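Chains as they are written, first to last, in the working numbering: chain A, 173 to 710; chain B, 268 to 575; chain C, 146 to 453.
Warning: the hint list may mix true and false statements.
To be verified - Below, in silico cross-link-like pairs of lysine-lysine (BS3-like), each with a Cα-Cα straight-line distance of 27 Å or less:
hint, chain 1, residue 1, chain 2, residue 2
1, C, Lys357, A, Lys632
2, C, Lys271, B, Lys310
3, A, Lys600, C, Lys202
4, B, Lys465, C, Lys357
5, A, Lys632, C, Lys196
6, A, Lys648, A, Lys632
7, C, Lys196, A, Lys368
8, C, Lys196, A, Lys376
9, C, Lys196, A, Lys366
10, A, Lys323, C, Lys152
11, C, Lys196, A, Lys600
12, A, Lys368, A, Lys404
13, C, Lys196, A, Lys372
14, A, Lys314, A, Lys579
15, A, Lys600, A, Lys499
16, B, Lys465, C, Lys271
17, C, Lys152, B, Lys465
18, A, Lys579, A, Lys567
In case anyone wonders, no lab produced these hints; they're calculated from the structure. No experiment lies behind these values; they were computed from the predicted model shown.
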Amino acid sequence: MSVKMTPFKHLKAGMLAVSIAVSGAFFTAPDNVAKAAGTLTFGNMGEPASLDPHFISGVWESRIVGNMFLGLTTEAADGSIVPGAAESWTVSDDGLVYTFKLRDHTWSDGKPVTAHDFYYAFQRILAPETASGYSYLLYTIKNAQDVNTGKAGPDALGVKVLDDKTLQVTLEGPAPYFVAQLVHYTAYPVPSHKIKELGKEWAKNKGAVSNGAYTLEEWTPNAQIRLVKNPKFYDAENVSIDELIFYPQEDRSAVLKRVRAGEVDIQTDFASSDLKWLEKNMPEYIRIAPYLGVYYYPLNTSDEILKDPRVRKALAMSIDREILTDKVLRTGEVPAYGFVPPGTGTYGQPSEVPWKGLSKDERIAEARKLMEQAGYSKSNPPTLRLSYNTSENHKKVAIAIAAMWKKALGVKTELYNSEVKVHYASLKTRDFQVARAGWIADYNDPQNFLNLMEARNLSKNYSNFNNDQYNTLMKKAEIEVDMEKRDEYMREAEAIAMAELPNIPLYYYVSKNLVNPRVKGWIDNPADVHHARYLTVD
Amino acid sequence: MSLLAKPNDRMAAVLDQQQNVDMEEVAGRSLWQDARIRLMRNKAAVVSMVILAMITMMAIFAPWLSSHPFDEVYWDFIQVAPNVAEGFWFGTDENGRDLFVRTLYGARVSLMVGLVATTVSLIIGVTYGAFAGYMGGRVDNLMMRFVDILYSLPFMFFVIILMVIFGRHIFLIFVALGAVEWLTMARIVRGQTMAIKKKEFIEAAHASGVSTARIIFRHIVPNILGPVIVYMTLTIPQVILTESFLSFLGLGVQEPLTSWGVLISEGAKVMESAPWMLAFPATFLAVTLFCFNFIGDGLRDALDPKDR
Amino acid sequence: MFTYITKRLLAAIPTLLIIITIAFFMMRIAPGGPFDAERQLPPEIEANILKAYDLDKPLYQQYFIYVGNLLRFDFGPSYKFRDFSVTELILTGLPASMQIGGMAILIAALIGISLGTLAALYQNQKTDYAIMGVAMTGIAIPNFVVAPILSLIFGVYLSWLPVAGWGDGSARNLVLPVISLALPQIAYIARLTRGSMVEVLHSNYIRTARAKGLRERLVVIRHAIKGALLPVVSYLGPAAAAVTTGSVVIESIYDIPGVGRYFVNAALNRDYPLVMGVVIFYATLIIIMNLIVDVIYSFLDPKLRVNG
Chain A
173 MSVKMTPFKH LKAGMLAVSI AVSGAFFTAP DNVAKAAGTL TFGNMGEPAS
223 LDPHFISGVW ESRIVGNMFL GLTTEAADGS IVPGAAESWT VSDDGLVYTF
273 KLRDHTWSDG KPVTAHDFYY AFQRILAPET ASGYSYLLYT IKNAQDVNTG
323 KAGPDALGVK VLDDKTLQVT LEGPAPYFVA QLVHYTAYPV PSHKIKELGK
373 EWAKNKGAVS NGAYTLEEWT PNAQIRLVKN PKFYDAENVS IDELIFYPQE
423 DRSAVLKRVR AGEVDIQTDF ASSDLKWLEK NMPEYIRIAP YLGVYYYPLN
473 TSDEILKDPR VRKALAMSID REILTDKVLR TGEVPAYGFV PPGTGTYGQP
523 SEVPWKGLSK DERIAEARKL MEQAGYSKSN PPTLRLSYNT SENHKKVAIA
573 IAAMWKKALG VKTELYNSEV KVHYASLKTR DFQVARAGWI ADYNDPQNFL
623 NLMEARNLSK NYSNFNNDQY NTLMKKAEIE VDMEKRDEYM REAEAIAMAE
673 LPNIPLYYYV SKNLVNPRVK GWIDNPADVH HARYLTVD
Chain B
268 MSLLAKPNDR MAAVLDQQQN VDMEEVAGRS LWQDARIRLM RNKAAVVSMV
318 ILAMITMMAI FAPWLSSHPF DEVYWDFIQV APNVAEGFWF GTDENGRDLF
368 VRTLYGARVS LMVGLVATTV SLIIGVTYGA FAGYMGGRVD NLMMRFVDIL
418 YSLPFMFFVI ILMVIFGRHI FLIFVALGAV EWLTMARIVR GQTMAIKKKE
468 FIEAAHASGV STARIIFRHI VPNILGPVIV YMTLTIPQVI LTESFLSFLG
518 LGVQEPLTSW GVLISEGAKV MESAPWMLAF PATFLAVTLF CFNFIGDGLR
568 DALDPKDR
Chain C
146 MFTYITKRLL AAIPTLLIII TIAFFMMRIA PGGPFDAERQ LPPEIEANIL
196 KAYDLDKPLY QQYFIYVGNL LRFDFGPSYK FRDFSVTELI LTGLPASMQI
246 GGMAILIAAL IGISLGTLAA LYQNQKTDYA IMGVAMTGIA IPNFVVAPIL
296 SLIFGVYLSW LPVAGWGDGS ARNLVLPVIS LALPQIAYIA RLTRGSMVEV
346 LHSNYIRTAR AKGLRERLVV IRHAIKGALL PVVSYLGPAA AAVTTGSVVI
396 ESIYDIPGVG RYFVNAALNR DYPLVMGVVI FYATLIIIMN LIVDVIYSFL
446 DPKLRVNG
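Next up, chain A with everything else stripped away, as it sits in the complex (with noise of 0.2 Å):
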């Protein structure tokens, strides 16, 4: 900046810098809405950590990288489970050794996908140096675990490649789930051709390999990701869509108008303040299903006062579900009773609290007794602090909890919020007494939601629950191959838990997209997946 210049030059230059500005931005003709017809955008909230199927955690990256890559197992339009990369595959009798054929198809550079590269990849992804967040999912298959702690060698695990085409899997022990467990980014193939060359950079720059239905053309971070058709995707013919934009744009409201502007297609999540006038201004863009995942709040059972199951029990039964999901959320969120979600694997109906069936008002009264039997009363209530990381949500919700137990049992409520990583590292030394915490299903199976409460699993069991009769039905479930014999175990354990409450159920969770009406083929389902593949936009 001049300093010689005068103040009415200063004036002038002013003005006219504005004006430029104002008329290139006012003349030009307005051409945000119009897009080519083979394009699908997304507000896929949140930057990825990564393309690499090895590194990343989150489902705005899974979206990404589902489009690119194809497991051995993947998702069909309405989540249900299809032979991807495998063509077919045999069980043995003991349900512990699977048999892969895979099918005829190549690589997006030509060159064929064989059992070696699934054998590659899941040495890469469980091997010490990798230092992959998220290998223990694939701790089902045998000596996995001790391959990934440095425990056992690479050659223990029960990997084998049986020929190009053929691929056997050995299992630690019969998991029925296992089949669904591959649709999951964990277990997807990466190149190894291209590993070796390129090292870490592999994935991250135009043209980087991929399997699947479209590969990467272009990633600028926090701009757009930019994914193109794969010609030599195995059913190209069949894929309409040409081209996938990826915002990583995180702000609700903000994507929000960029899909009224017609800017962006689908958005993978909107506020439920907005849904009301969602409901009265666009409501063919709204899709709310059912999602498999549950909201719920550890209770720290190491905790002088919730050491007392009375009192977990009355803290439970005193919060009003139907009104959270009806007034507080708004969002179709289903009221849980019980910690499996419904639709689950299997399963069935979970084992829900008992006192479900009792009316509001009786529940109150049941609860008052149960704090007045643990030496509490109105006159002489327990303060809680109640931890959340910082959310609109999370924030509502308790809010409204905390107002309920004030109203039913006196009890005083402190809200404590934090930045989701001192929230967790709170959780994680147990630094807390009742806490916020959810839990989105990795793979369609009750298992993935009750080891959250056994013993063994140190890192997510956040209340410290540890019964015995608990932990012996979650192993027995474990190593037992009749389905029906394995639910019930799970049941009956489930059970146990909804007695002692060590983690108080709150709501199941929905999946919540707008999408443009343009799109077609989109079908609402539990798991959430929708391949662009499968999609076709006017």
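Position chains B and C relative to chain A; hints supplied.
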């Protein structure tokens, strides 16, 4: 004050100096009285003071002004528009709590934060800046490098660590905000001090053995009050809004308490579906800032040694 | 002057080292680590990861490793965005932030100083009140409110401009973010300019100059503006550093691939190398800006000529 010392301005500079000397001798005790009289003659400032006093009173007596407690949740009135029949004059928020009484409770926090943090930053900033500017040379250099360091440190971690060491307390907000907001104030004051310290009346005071502290507070500070007051009125909105960011981190006010910054950022998210949630707290904040601004201008005029 | 600048630049090295050291240990004291998340890692996996990033070593060793790498201009990998190095992330984000921030601060300085001067010339008249009213509104309404309103009006209702997005930096995508960034700065600068301009216009040397028959305009140009700019320049130094390094609010509302978001997000993610990267980058900018400010001082007022 003169910032230029071209030879043909010397005359003016001498006049300036004499005026200041006069003020020192004659004004004495009546300096503040005099300022008060002149402030009271400024209409905008007086009206602003009245409005501010009203807002403050409303904040203090908030519990008696509304039939609704600030933390009561009304399940049947979630996010409803202003409804006089039910006593929700400003409507309700996403949890069905009365926005009117919450806006008044928010005023408590925001006014406190605005006043205390600004005062802290004013005291530290002016003292530090004037001292650095007056001493000059190596002392100034060292002091300003320290300011550079503080500017550059990640504010968020500073705040988080305060929280870890002292636990969560609302007074930490004042400390945290005051501790960062004084930096620009110090730089402005230092610049102004450097500009006037070579003036004859300062040098005369120095030569006659007046102590450094006395020179700074009696001679320098009164002569640079203009930019100080203006920047002070600019600091108030900054701290009030930064507080909402601290609340986001968990350091600011904790639910169910609230502040204007928090209310506005909640309202901004629903500006189309629930405009009242933005409009009311934003209006209160805007009116308050206008008032501070007019009072600031009035103060500046009243304290200006040249107009006396 | 040249020796002065060289000296200051040399002094920047120890200053930076102090900043790096404090920031490094400060962020490590804060609770929460880079790998704490909703999906807590089993301990053995966390051990694998900590080892991969040398985080299992004692803190002082990590510090020396970090500083050692810095000497080779290696800022390390980002923990969060593991496919990119810190250098890559900052360099890809910088152009967007610089472009928007640079334009915004330039526009803000030009318009702000002009408006402030105008208001001062018509002190306590309608023009003054009008300008200052608008300026105060600009300050009172935070940018997390202004930005969504602008994109709602011009993007959604009128469809004149994109709601958000970068579009490779085309002019249409720049307009709204630049305006949103510039608005509060215009207000701040106008307030500051007016304040000190009023001060200068009241001083005797300007009165004398007028009495000597020079035309008012010339008086303003020749004398007043220089003196009045001093506090504005003091403010502009750090403000320019802050604005050109991007704003997390503007970048997330308009989806701009800048570096501003890293200042908050890297800290929230406990992405230690990225935090250090932006701290060093910002510190360098602050040091340079404040050096420039001090140099400009001596142009504005020869008495402030810095002595080497």
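Outcome of the hint check:
1. C/Lys357 - A/Lys632: violated (82 Å)
2. C/Lys271 - B/Lys310: holds (15 Å)
3. A/Lys600 - C/Lys202: holds (21 Å)
4. B/Lys465 - C/Lys357: holds (25 Å)
5. A/Lys632 - C/Lys196: Answer holds: A/Lys632 to C/Lys196 is near 22 Å, not above 27 Å.
6. A/Lys648 - A/Lys632: holds (20 Å)
7. C/Lys196 - A/Lys368: holds (22 Å)
8. C/Lys196 - A/Lys376: holds (24 Å)
9. C/Lys196 - A/Lys366: holds (25 Å)
10. A/Lys323 - C/Lys152: violated (57 Å)
11. C/Lys196 - A/Lys600: holds (19 Å)
12. A/Lys368 - A/Lys404: holds (22 Å)
13. C/Lys196 - A/Lys372: holds (17 Å)
14. A/Lys314 - A/Lys579: It is violated: about 52 Å lies between the C-alpha atoms, which goes past 27 Å.
15. A/Lys600 - A/Lys499: Measuring from Cα to Cα gives roughly 32 Å; hence the hint is violated.
16. B/Lys465 - C/Lys271: Violated, at about 37 Å.
17. C/Lys152 - B/Lys465: holds (24 Å)
18. A/Lys579 - A/Lys567: Holds, at about 18 Å.
In this structure, the hints that do not hold are numbers 1, 10, 14, 15, 16, in rising order.
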